[in-house]
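In order, the protein sequence lines correspond to chains A and B. Residue 98 in my numbering sits at position 98 of the first sequence, with consecutive numbering throughout. One gets my numbering by counting positions in the second sequence from 1 and adding 1000 to each.
Among the hints, a few may not be true.
[As the list claims (entries may be wrong)] According to the in silico footprint, chain B covers these stretches of chain A (three or more CB under 8 angstroms from chain B):
no., segment
1, 1 to 7
2, 10 to 18
3, 39 to 49
4, 122 to 135
5, 146 to 156
FYI, nobody ran anything at the bench for these hints, they're computed from the structure. Backbone N, C-alpha and C fix where the C-beta goes; we use that ideal spot for every residue, glycine too.
2 protein chains.
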Amino acid sequence: MSFYDAVVPAYLQMLNSLIGLLTKAEAHCAARKIDPGVMLGSRLFPDMLPLSKQIQLASDFAAKGCARLTHSELPSMPDTEKTFEELKQRLAKTIDYVKSFKPEQFAGAEAKDVTFPAGPDRTMTLKGQQFFSAVSLPNFYFHATTAHGIMRHNGVEIGKRDFLGAN
Amino acid sequence: MSFYDAVVPAYLQMLNSLIGLLTKAEAHCAARKIDPGVMLGSRLFPDMLPLSKQIQLASDFAAKGCARLTHSELPSMPDTEKTFEELKQRLAKTIDYVKSFKPEQFAGAEAKDVTFPAGPDRTMTLKGQQFFSAVSLPNFYFHATTAHGIMRHNGVEIGKRDFLGAN
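Work out the full structure, taking the sequences as your base and the hints as a guide.
Here is the structure:
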């Protein structure tokens, strides 16, 4: 097993399942005549980020995680999405980007330094494995699961099997 | 880097941060005179699991993940916790259990078969890396993040930095 096998499939599994969750949420809005913008603007608490931003951040942590681990140029994805369709396209674009990496690019990456922003005016440097396990992946799952929680809280009929991509 | 380094620190980081989240939720209940049982019984939707069960499941996925990856006997932790204190003890016990594993026990585990229950009457077999990345870790983060979401939705002043263990 290579480090690539520890990194890339984990991001792809969840990016794909997020497309499935958004598809069910979109259908739920259509069936109940709910303004899609209301669902995408929903939050679990007023000072938390809304559903649309949770999706954008999950996308960012996957794409930038791969870029930082392979010392590639960071992808630029401005957060302009306002509809379910645009958010699903953002996820599809992120999937294509993550799939564009080759296993060779991750060779030895677990032991190489990764420097990343850790707040507005400071950076942190960790070994690749530690950056992946302690920073990138928990952030990625945090936003993916919070997106699931917002949709679930709003009555979308989804569950952990959808989250895991098993449905 | 060994497979141990990819597995054990990830579980420990979040088990520790869950203790921190529960400590803040407990203080919030005391300050606002909220019955702790109400907070621990809160859900994001009526057919979702309550906060106490999200913590128990996060504990289970960490402990059983380590056991299954090392082909050890599964630990028995009956879900009897009813208070913040008992749930924090459950997490502390899980941390001790996860810490009891030695790196040697994980040697080669990424390529060994792991058989685990995948529903009430069937099992699934995956290689260790795949079991960890596609099943154990996403389930673990799912329950940890959902626990965070329930507390956050109920007004506990926590955020992603607490979730990541940075506070």
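Hints versus structure:
no.: 1; hint: 1 to 7; in the structure: holds (count 3)
no.: 2; hint: 10 to 18; in the structure: holds (count 3)
no.: 3; hint: 39 to 49; in the structure: holds (count 3)
no.: 4; hint: 122 to 135; in the structure: holds (count 6)
no.: 5; hint: 146 to 156; in the structure: holds (count 6)
When each numbered hint is compared with the structure, no violation occurs for any of them.
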